[in-house]
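Colleague: Make the full structure from the sequences, and use the hints.
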Amino acid sequence: MALLEVKNLQTSFFTDAGEVKAVNDVSFTLDRGKVLGIVGESGSGKSVTAYSIMQILAGTGKIIGGSVKLDGQELVGAGEKVMKTVRGNKISIIFQDPMTSLNPTYTIGRQLMEAIMLHTNRNKKQAYERAVEMLRLVNINEPEKRMKQYPFEHSGGMRQRVMIAMALACEPDILIADEPTTALDVTIQAQILELMGTLQEELGMAIIMITHDLGVVAQMCDEVVVMYAGSICEQGTADEIFYNPKHEYTKGLMRSIPTADTAGKKLKPITGTPIDLLNMPKGCPFAPRCDNAMKICISHCAERMQINEDHAAACWMNVKAGLDSGEIVIDEEGGDSHE
Amino acid sequence: MSENRPLIEVKDLKEYFNINTGMFRSKPLKAVDGVSFAIKKGETLGLVGESGCGKTTVGRTLLHLYKPTGGEIRYNGKLIKTNADIKEFRKKATMVFQDPYSSLNPRMTVSDIIGEPLDVHKLVKGKKERQERILELMGYVGLNSEHAARYAHEFSGGQRQRIGIARSLAVNPDFIVCDEPVSALDVSIQAQVINMFDELQEKLGLTYLFIAHDLLVVRHISDRIAVMYLGRMVELAPAAEIYDRPLHPYSKSLLSAVPVPDPKVARANKRIVLTGDIPSPLNAPSGCPFRTRCQYACDKCAESMPPFEEVSTGHFVACHCLAEIN
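Chains F and A are the protein sequences, given in the same order. Taking numbering that gives the first Met the number 0, the leading residue of the first sequence gets 0, the next gets one more, and so forth. Taking numbering that gives the first Met the number 0, the leading residue of the second sequence gets 0, the next gets one more, and so forth.
Please note that a few of the clues may not be correct.
[What the hints assert, rightly or not] Cut-off 27 Å, straight-line C-alpha distance, at most; resulting in silico cross-link-like pairs (DSSO-like, lysine-lysine):
{"no.": "1", "chain 1": "A", "residue 1": "K263", "chain 2": "F", "residue 2": "K33"}
{"no.": "2", "chain 1": "F", "residue 1": "K265", "chain 2": "A", "residue 2": "K202"}
{"no.": "3", "chain 1": "F", "residue 1": "K123", "chain 2": "F", "residue 2": "K144"}
{"no.": "4", "chain 1": "A", "residue 1": "K90", "chain 2": "A", "residue 2": "K202"}
{"no.": "5", "chain 1": "A", "residue 1": "K39", "chain 2": "F", "residue 2": "K264"}
{"no.": "6", "chain 1": "A", "residue 1": "K263", "chain 2": "F", "residue 2": "K264"}
{"no.": "7", "chain 1": "A", "residue 1": "K10", "chain 2": "A", "residue 2": "K86"}
{"no.": "8", "chain 1": "A", "residue 1": "K263", "chain 2": "F", "residue 2": "K250"}
{"no.": "9", "chain 1": "F", "residue 1": "K33", "chain 2": "A", "residue 2": "K269"}
{"no.": "10", "chain 1": "F", "residue 1": "K264", "chain 2": "A", "residue 2": "K40"}
{"no.": "11", "chain 1": "A", "residue 1": "K26", "chain 2": "A", "residue 2": "K13"}
{"no.": "12", "chain 1": "A", "residue 1": "K39", "chain 2": "F", "residue 2": "K265"}
{"no.": "13", "chain 1": "F", "residue 1": "K264", "chain 2": "A", "residue 2": "K202"}
{"no.": "14", "chain 1": "A", "residue 1": "K39", "chain 2": "A", "residue 2": "K91"}
{"no.": "15", "chain 1": "F", "residue 1": "K265", "chain 2": "A", "residue 2": "K263"}
{"no.": "16", "chain 1": "A", "residue 1": "K202", "chain 2": "F", "residue 2": "K267"}
Treat the hints as calculated values from the structure; they're not laboratory data. Values in this document were obtained by computation on a predicted structure and should not be read as measured data.
Modeller: Okay, structure coming up:
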């Protein structure tokens, strides 16, 4: 059984301007000890997916359908009492901005100990020892001294280490990292990613890595989910997504990144701007920006299609390719079936 | 003017900020400490480094947005010194800022934002000419005439950056300082804006100083790349050379830290992970600024700042221990 099973998750924000379907029919599974990457641009729903799993949505947001199962236990509709035992203990989250996610008026030690005492039944002395041990684990020098210091006395990379220490203090099964290195410099990013990689191996936890940086995904993730406008357009193993992308959006993203080969040449970017979630088109949300959009893309959204056992995508181009090569034949009732 | 003369020449540029360290006491923060480089016409020089290394300050001091503490800036061979020089210079050299959200006045329409430099430098006569010029500039960056009367908040990040670029083009500059112009944008929009910089350079013969921390972007757009650390330039070389054969230990680790968007390469990649953080420029180490994080540091590094020397044609490095490292 998968550790985390998200099925047909739908989350909407009910704003004055109307309903915003931030997460629309998202399904994926996460196995113990694996790293899953969720990639997408701003507004694609990757963070909201994570917040929905944790049920820490802002006031106007609501999960309106689907299920999230942790170790077989249903979390959607389980209530705050259950969620309190899940958050921090079983699933932890670290946020993008290490500058604002720590309380500036409390010492690092107090914040770490608060989290530990809230989730475990350690007393103050044991919590202190655990906090020092965690700081040592994330390679912070002189942890005893650091415990007494305030967040402003730490650099960005240090603060993110403290956040990781806090998130891991209760040995969660799943760590959700929401753009953990976006606010950091490359050399510090390399330190943090390396740390997360070693901790993941040592502690055997699963990680959901939310990022817009395909480089981070390539380095860290076993599996990848690509999101656009609230829906999953493609998912599969990292190798499949990078070397064999089967959705026009993923292909466009890959072409947009400058590499050694593009120096001195023009990039081939995706045209247009990301879609307004308040005015979603009827068909594929990516169709207005897609160079290869066909009639059917504008009227009907493609269903998720299995490319091979490690790879699925929701793009009509794959059906077209299948028809052209004769792999798919249209039967008399008008439906299509794989041979 | 001879063909070989650089458009922009910077010699030993220094920018110190005074920081209050206590009552009646202050200490200079050496944001930029003796940086020299030259940019040829039509060339793009990429400037990379971590936050706090002084790359933005170099860009701003270059345009006299900060008064330089020391050093010389020459444009077309002419020293920029007096206020009159600066005003003239700013007609030829402009800037595109990092944050498209805070660099546009929310109370001005797009046509006023783009038109402001035209008014300041009195470059157009009459309303009609002004409007025509604004529309022409908007055309350069792919905005429609219908956008002219709107306000900045009505646009997405990518479009706002286009407005900022149109504004910087208004005075018909030769030289643009691009300060992290794409780092606030999404990947797909980033590629559009990068292409636009490329196209404008070809069309208008522009020269860029391209400041960024995204090394993949810098490599794509630059002819030469300069690496900065703690207010000093540590390496300067043609783009391909610095990526294939970085010589300074800092450049090496910086380049190896870049996450490569290719799983097989990323897994095989041996990263040189630096320990510790960048020191505060208020308490910069003696000698070589990088020595506290450098695995090759020796006694000599603590004693004196290594000179910035040309080791092969066009490849400059400042390191005492080059021979041992490479």
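Colleague: State for each hint whether it applies.
Modeller: Going down the list of hints, with the structure as the test:
Restraint check for K263/A and K33/F: the C-alpha separation of about 17 Å stays at or below 27 Å, so the hint holds. For the hint linking K265/F to K202/A, the alpha-carbon distance of about 14 Å falls within 27 Å, and the restraint holds. Between the alpha carbons of K123/F and K144/F the distance comes to roughly 17 Å, so the proposed pair stays at or under 27 Å and holds. Taking the CA atoms of K90/A and K202/A, the gap is about 19 Å. The hint holds against a cut of 27 Å.
At most 27 Å may separate the alpha-carbon atoms for a hinted pair to count; K39/A and K264/F meet this at roughly 20 Å. Of the supplied pair hints, the one linking K263/A and K264/F holds, its CA atoms being roughly 24 Å apart against a limit of 27 Å. Taking the CA atoms of K10/A and K86/A, the gap is near 20 Å; set against the 27 Å cutoff, the hint holds. With a C-alpha separation of about 18 Å, the suggested pairing of K263/A with K250/F holds against the 27 Å cut-off.
Restraint check for K33/F and K269/A: satisfied, since their Cα atoms lie roughly 22 Å apart, inside the 27 Å limit. A hinted pair counts as satisfied when its Cα atoms are at most 27 Å apart, and K264/F with K40/A qualifies at roughly 20 Å. Proposed proximity of K26/A and K13/A is supported: the alpha carbons are some 15 Å apart, at most 27 Å. Between K39/A and K265/F the CA atoms are separated by roughly 22 Å; this keeps the pair inside 27 Å, and the hint holds.
As the CA atoms of K264/F and K202/A are separated by approximately 15 Å, the hinted pair is consistent with the 27 Å bound. Of the supplied pair hints, the one linking K39/A and K91/A holds, its CA atoms being roughly 15 Å apart against a limit of 27 Å. Distance check on the hinted pair: K265/F and K263/A sit about 25 Å apart at the alpha-carbon level, within 27 Å; holds. Restraint check for K202/A and K267/F: satisfied, since their Cα atoms lie roughly 19 Å apart, inside the 27 Å limit.
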